[in-house]
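So the protein lines, in turn, are chains A and B. The opening residue of the first sequence carries number 544 in our numbering; numbering runs sequentially from there. The opening residue of the second sequence carries number 9 in our numbering; numbering runs sequentially from there.
In case anyone wonders, no lab produced these hints; they're calculated from the structure. On a predicted model such as this, the values are computed, not experimentally measured, just so you know. All C-beta atoms in this analysis are idealised placements derived from N, C-alpha and C, irrespective of residue type, glycine included. Hints are not guaranteed to be accurate.
[As the list claims (entries may be wrong)] Here are the computed distance ranges between Cβ atoms for each label pair:
#, chain 1, residue 1, chain 2, residue 2, range
1, B, 46, A, 1299, 41 to 47 angstroms
2, B, 29, A, 1176, 47 to 53 angstroms
3, A, 939, B, 99, 54 to 60 angstroms
4, B, 71, A, 1089, 54 to 60 angstroms
5, A, 580, B, 18, 19 to 25 angstroms
[Unchecked claim] Going by beta-carbon spacing under 7 angstroms, a handful of chain B positions derived as facing chain A:
#, residue
6, 51
7, 52
8, 59
9, 61
10, 92
11, 116
12, 120
13, 146
14, 150
15, 178
16, 179
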Amino acid sequence: MSDVQGSILGNAVLRREDPTLLTGEDQYYDDLAVEGLVHIHFVRSVVAHANLTSVDISEATGMPGVIGVYTADNLEVAPHHGMPLLPPPFAMPLPAKGKVRFVGDIVAVVVAETHGQAVDAAEQIFIDYDYLPAIIDPWKALEADAPILFDEVGSNMCFETGLAMEDGDPTEGAHHVSSLQMDSQRLAAVPIEPNGAVAIPDGDKLTVWIPSQNPIAVRGALAGALGMEAENLRVAAPYGVGGGFGPKAGAYPEHILTATLARTLNKPIKWTELRSENMVSLQHGRAMNMKAKMAFDADGKITGFDVDLVAESGAYPGIGAILTTFTQTMIQGVYAIPAIRYHARSVVTNTTTTGAYRGAGRPEATQLLERILDVAADEMNMDPAELRRINLLQPEDFPVTTHGGASYDSGEYEAALDAALEAADYQGMLEDQAARRESGDPKQLGIGVSTYVEVTAPAGLHVEFGAVKVNEDGTVTARVGTSAHGQSHITSFSMIVSDMLGVPMDDITILQSDTDEIPRGSGTMGSRSLQTAGSALHVASETVLAKAKELAAHMLEASSDDIVKGEGGLHVAGVPANVVSWSELVAASNDDSKRPEGMEPELAHELDFDGQNATFPFGAHVSLVEVDTETGNVDMVRHIAVDDCGRILNPMIVEGQQHGGIAQGVAQALYEGIMYDSDGNPVTANLMDYAIPAASELISYETSNTQTDSPRNPLGAKGIGESGTIGSTPAIHNAVIDAVSHLGVRHIDMPLTANKVWSAIQEAR
Amino acid sequence: MSNTTQVGETASLACTINGAAFAVEVDPRRTLSDVIREDAGLTGTHLGCEHGVCGACTILVDGEPARSCLMLGVQANGHDITTIEGLANGDELHPIQQAMHESHGFQCAFCSPGFLMSTVALLAENPSPTRAEIREELSGNICRCTGYESIIKGVETAVELLAGNEPEQTGQTGQTGQTGQESAQ
Ligand code: FES
Ligand code: FES
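Produce the entire structure from the sequences given, and follow the hints as far as they go.
Here is the structure:
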């Protein structure tokens, strides 16, 4: 279809979103003007683990502007369970009841006329804590004498999964075995717009505006928590949502409390999350510590892989607790591995709850594979790229079903690796590195390679709602169950509909993110939107076009095979002057006398597109860094990414996703990490202490694509949202270690700060 | 205006915002960002951290970039404030906005008011910065979506547009190849 003359698919079409976003005209949730709005503020535990002996709200209640002050004593809300698959005792009492389990736990709630008054009142709430020992280290949390968060459960383990756990060690007796323990450290997603909510009651009904990746799911959760009928509850994200990256996909305790009190007080209430709250409340990501062994034969072929990891779920387990299953799915990566044993335990600790963050369980698998391969290459004295190459799954191996149960759709892994090595001039890099080593320059070069495959639209997320309707005036309205928050879906989806119907993009309205408009859907996450909602719109538009052609043929007394798209409507091929406009077509479709017999009225179609399964994007990254061996400072020199996301709809948008993904991948490798002290105090709870790289720390990336169609949808598309993050981190990580491996450094955990790199060099010397 | 205020007292603030006179009685502890967003109703200025790191709240005070979350409203008294709403000329985008559009500068765009205002200040000072200078000058603004590359390209495109040159385009408008063409499928 992309070969059709005049098709815009595959072109760098500029964004329709921009004009109103760039002028400040569009509104984000915090900008909505609502009559009579009052403000909510949460009083959070400053202690990681303690029994609550008293919460004194008497002073606060009488403060100016205060409308209500609530604790577990005077507010009853059903405990919030972030992952209903896990046993009920892991739910979070709202507000905290008897005990607090992390710094950030909600102890009291203040509603006041202004935000300032709510904060003033909060300062007059006096909380007595009876300190309990906090548990932060996830391995220690598994030990028999560890402090327990949930006495009713009796252990800190909340979830366990694995592969071949009963089998023996798959690395035993091998020619060579490499081993590694590594940390995929805890990260904060930090969408630049924090979380929040505006809840507006109206009789029995309630409208809740939230900056969300999935308002439809949030409605489900809120309806349950509030005991409301879903049809009385409208949940919507405004046109502007300032990023998500995973943790904005679900309902938060604060959303539930804001909505509950809006109903109780019958007043519109706004929660504006502050960044320092966001750093302890918004779910963190990664936080897996992994131990692995990889076995090889004399040729360097992998013979077995053994993984034992622990994942931190935080205090009240949410989706983070089960992301170990995504790691399990992808633990084989792009390689032919005869035997894999995998064991993952998720534990609760006195920390912020973990959840999905760009990649969500898949980066951890890739990071582990790619690091241990480099350790092995070093030990076996092999070229890291060559070691990968001889172990790659080849096109003739497809269809591939992995040990983890993934059914890879398509993949040309060696082609991507070759493309990246060529773009990088890998040989040239090796020569430069050798010369640098020879010269004894304190600044040494390091080269890192990673190859990856990931899963998009995973875990059943391959089904999505889409609808297309031609309106009476000839414009088109399309609706989708996904919910964009920076991904340019208005543009991409308009391209799909416009390309099929020939209606100009500006005449197409895309509706999303509002339960009043969209009956169902699974939101935007897991890089799923184009392949699912995009495909739904493709099929819906195709169906509408076929019907319109039949109608036009009937009106023009021609065969529908001869009807083609033209300016403003449809006409008989070769007779462009005689166009039936889209508005005439709609009118005819609603007119019994003009419609062919048996045809239903309206030019509209809706469906739930079903891709049958996930898709599996892949690629290869090469990174070149310079490490100052005297200070440990790392400078990126080049980063080359070849990402294959199937057939590309809009290369400009794809490139943007690659760039943003790489930046977040670099951030994990070199800069970011959420840290707690041993008492469970977060020491990185604002943007002064949590090191997000700015433009000055990053470089210009060299991105390109191979295109291997997915057979699982008519667009041939796979997701691109997370590839950059998954591919880049291990390439940079490997590059830094490579720069200092000749000094005897074998591994350094991320983030690779100057201090850590310098210390590792000193230790090795 | 007296030099000291008591709790509960308000102070007078008179300034210009985007060229128009603006006067309001404010609680002295209110930040300038709150005054702009709530009292002046100009919500295009965004708050990404309210502690002076992310740069989303950047405005111009007498042409100089400033973080409105770190200023008190009363500090704007007698000054000239420019916010994102002051850039476009009616429906016509400011050349820097146009350049960012053509370069796919932003994704979620929540950071964009800060980057746009910082870029206005940067190019006023240095009309043809190098890439390294752009990276350095914009290092006070955080973008979580783009990896900065497209924003830097946007600044370079803005340099061209402001100089009256035809910049190399990243993308094309959606209508290209659409209307006026026959296509049978
Ligand atoms: S909101 Fe002012 S710098 Fe972040
Ligand atoms: S475009 Fe989203 S933070 Fe910059």
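Take the shortest C-beta to C-beta distance between residue 178 (chain B) and chain A; is it under 7 angstroms?
Holds: closest Cβ of chain A sits about 6 angstroms from residue 178 (chain B), inside 7 angstroms.
Let's test the interface hint: is any C-beta of chain A closer than 7 angstroms to that of residue 179 (chain B)?
4 angstroms, holds
Per-residue hint verdict: residue 150 (chain B), partner chain A, C-beta under 7 angstroms
5 angstroms, holds
Check the following: the C-beta atoms of residue 29 (chain B) and residue 1176 (chain A) are separated by a distance inside 47 to 53 angstroms.
51 angstroms, holds
Would the hint on residue 92 (chain B) stand, with a C-beta cut-off of 7 angstroms toward chain A?
With Cβ-Cβ at 4 angstroms, under 7 angstroms, it holds.
Do the numbers back the hint for residue 52 (chain B), that is, is its least Cβ distance to chain A under 7 angstroms?
2 angstroms, holds
Range hint 41 to 47 angstroms: satisfied by the CB atoms of residue 46 (chain B) and residue 1299 (chain A)?
44 angstroms, holds
Tell me if the interface restraint on residue 51 (chain B) is satisfied: Cβ within less than 7 angstroms of some Cβ in chain A.
With Cβ-Cβ at 4 angstroms, under 7 angstroms, it holds.
Answer holds if the nearest beta-carbon of chain A is closer than 7 angstroms to that of residue 116 (chain B); otherwise answer violated.
3 angstroms, holds
Using Cβ atoms only, decide whether residue 61 (chain B) comes closer than 7 angstroms to chain A, and label the hint accordingly.
4 angstroms, holds
Are residue 120 (chain B) and chain A close enough, Cβ to Cβ, to be under 7 angstroms, as the hint says?
Where the cut-off is 7 angstroms and the nearest Cβ of chain A is about 6 angstroms from residue 120 (chain B), the hint holds.
Does the interface hint hold: is residue 59 (chain B) within less than 7 angstroms of chain A, judged Cβ to Cβ?
6 angstroms, holds
Checked against the numbered hints given earlier, this structure breaks none of them.
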